[in-house]
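**Q** Listed here are the chains, written in short residue letters.
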Amino acid sequence: MIEVKHISKTYGKKDSLVTALNDVSFNIPEGSTVAIIGKSGSGKSTLMHIMSGLDHPNSGQVVIAGEVLHDLKGKAMDAFRANEMSFIFQSFFVEANQTCFQNVSLPLEISELKQRKAKVTEALAAVGLSDKINAKASELSGGQKQRLAVARAIVNKPQLIFADEPTGNLDSVTGDKIIDLLFKLNKTNKNTLIIVTHDDELAAKCQIRITLKDGKIIDFKQRKKVSK
Amino acid sequence: MRIIDITRRSARNLKQAKARTLLTALAIGVGAFALTLTLAASNGAQSFVNRVISDNFDPTEIIVAKDESILGRGDTNKPKEYDESFGSAVVNSGASVQIKQLTDKDIQKIRQYPEVSQVREGVTLTLEYITRPGAKKYVANAIDFSPAQNPEVVAGAIVKPLSDKTVLLPEAYVSSLGFKNPQEAVGKSITLAVRKSIDIASILQNGIPSNTNDIQELAKSSSALEQFKIAAVLKKPTTSQPGTELYLFISNKDAKALNDIAKIGTNQYRKYTYAYARVKNGENKANIATVQARLKKDGYTSQSVEETQKFLTQIIDVLKAIVAAFGFIAVIASVFGVVNTMYISVLQRTREIGLMKALGTRRKDISRLFRFEAAWIGFLGGAIGSLAAFLLGTVLNPWITKRLDLGTQKLLIFDLKQISILIVLLVLVAIFAGLLPARKAAKLDPIEALRTE
Ligand SMILES: Nc1ncnc2c1ncn2[C@@H]1O[C@H](COP(=O)(O)OP(=O)(O)OP(=O)(O)O)[C@@H](O)[C@H]1O
Ligand SMILES: [Mg+2]
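Chains as they are written, first to last, in my numbering: chain X, 586 to 813; chain G, 3 to 455.
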């Protein structure tokens, strides 16, 4: 269970004060697929950053599996992020000069996991990039790059995957393939998937749909009960 | 992250910016090059000094003098009080100066020291000429042969101590004196002529003449001619004290006798600028120190072989310091290069750092990543610079040795241990230079770093 309790976040001071999130609360069962939608500037990315511990709220708590996320100190927070969660970004952030293998093995290096070769091979197979294992990331197409980013996100089997507009830089056909892939992996790996998106069609496929406006939740839809 | 992974990643990062890495490393390389050559040259010079010392001096002997200035001490600008021991000596600049000398009385006194086993007067004398029948006359100097000396022999053999009326002849005189080769010279006689200061025999026989012409005739002193057998012909030395290359070696007894002939009746008679005191069990430095202390108390000045060595090494040290300073400046300058390169590297990889941090990389690992990158640059620079110096030195060594006439002595001696230490130091310097950029990288806010424009 991921519990978001009364999260508020403001940027700037006095005159230039921006309220990015205003008393946001909701619960997500583990293993569910979540879409966060809303207009540009509504606070989607800010919410994701706070839920992943990258950013600190001004008030409120995020509780993951009973632990208060922002109470974790440096080392514990790093370990949590290295082992329990992962990210996929709109602009891929794969290292162009490194091979696919090197890109995907980064999380394994960070969490000092063994059997890298097997795990990387498995992750690349899951996204259909087995034949590119030794190719430089710069040689890949946009869709392939995002698939590589997905492989990197799943390689150490995290419980939680955050994706900030994962299809934003892709054409719709390629984007759909990525989304299908993410849903498929959600089924096999049983990880919670949180997707920030503008795409209503994509949001409709998720079990939970959270709509933000000006830092507030204006709609919370849970499509069907998810078994815990 | 494990150290091995960080090391590999930082090496990979460097490979992605080959030109930048190489240029930065080259800056360090210049310093490494200069420092490696300096070290090699000073090793060579040190080994040369050690050979000069061991080929010319007996470590159990102490050089003794009465005048401080002769061993490079004392104040030459102050008028000296006269005593009977004063005599003239020629200093390096060619000037003749009045200095206190050792007399027979001094020599006797030092011989009485319980720790001293033997005292040998240092005799260097200017011969009038040397010659042999059918050859021209040549000027020459003779010096008493110390058993500590090990000159290289071309022909014949050296018996220690040198037998009386035998001479060790420098190779250069062989053809001048009309020998076909050094082998032919061995065993032959040559004439050593010494100019008498005054004809004592004539005075004793005839008394001092009353007539001016006869006094003038008497003053035109005559020469004493002595026959010496050539015991050995010496190769041109590479490790003799400079200026003594053409000296003829004769026994201490002969040197003293010839010196007496030359000096009798003058104020230089039986006066010696130096003497050599051999210390009993002189291998023990404490014994040397005891004798030196005693000498000092008795008003003598002395120099042990160790001090001589130090004195010679001093000159090398100064030269070494100058070149090392240039190398050091080059290294300092390259530090700025490393700082700059590392800042660029951090800027270029802002997103990568952001991603790594978002994925849970520890701050200290991010910082390490950049410090290791700097370390690689330092290592590359050190390796390139010292390798270049090594290759250049290896190529140039035979040529330098030939040009400087050093015989078997190499001028540049490379020491792998020294080079390794140098590289390690340069790596540390580079890491130091990378500290600030590494800190900047570690402190990057992942959200800022990942923001896409
Ligand atoms: N570092 C910051 N400093 C100041 N204001 C910020 C900062 N980050 C976000 N904001 C502000 O907070 C609000 C929410 O931003 P956020 O990035 O969460 O929006 P978003 O919903 O992700 O928009 P988009 O769909 O364009 O990505 C915006 O008004 C934004 O200007
Ligand atoms: Mg956003």
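Don't read these hints as lab results, they were simulated from the structure.
It cannot be assumed that every hint is accurate.
Listed below are the simulated DSS-like cross-link pairs for lysine-lysine, each with C-alpha atoms no more than 30 Å apart in a straight line [what the hints assert, rightly or not]:
#, chain 1, residue 1, chain 2, residue 2
1, G, 82, G, 366
2, G, 366, X, 742
3, G, 442, X, 721
4, G, 258, X, 658
Covered by chain G, according to a simulated footprint, are these stretches of chain X (three or more residues, beta-carbon under 8 Å) [as the list claims (entries may be wrong)]:
#, region
5, 634-643
6, 674-681
7, 690-698
All C-beta atoms in this analysis are idealised placements derived from N, C-alpha and C, irrespective of residue type, glycine included.
**Q** Now tell me, hint by hint, if it's right for this structure.
**A** Here's how the hints hold up against the structure:
With a C-alpha separation of about 71 Å, the suggested pair residue 82 (chain G) and residue 366 (chain G) falls outside the 30 Å cut-off, and the hint is violated. Restraint check: the Cα-Cα separation between residue 366 (chain G) and residue 742 (chain X) comes to about 25 Å, which is no more than 30 Å; the hinted pair holds. Only pairs whose Cα atoms come within 30 Å are accepted, and residue 442 (chain G) paired with residue 721 (chain X) is accepted, the gap being roughly 28 Å. Straight-line distance between C-alpha atoms of residue 258 (chain G) and residue 658 (chain X) comes to about 91 Å, which puts the hinted pair past the 30 Å bound.
Proximity of the region 634-643 of chain X to chain G, defined as three or more residues with a beta carbon under 8 Å from a beta carbon of that chain, is established by the 4 residues found. Counting residues of the region 674-681 of chain X whose beta-carbon sits less than 8 Å from any beta-carbon of chain G gives 5, enough to reach three: the coverage restraint holds. With 6 residues having a Cβ less than 8 Å from any Cβ of chain G, the region 690-698 of chain X passes the three-residue criterion, so the hint holds.
Comparing the model with each numbered hint stated earlier shows that hints 1, 4 do not hold.
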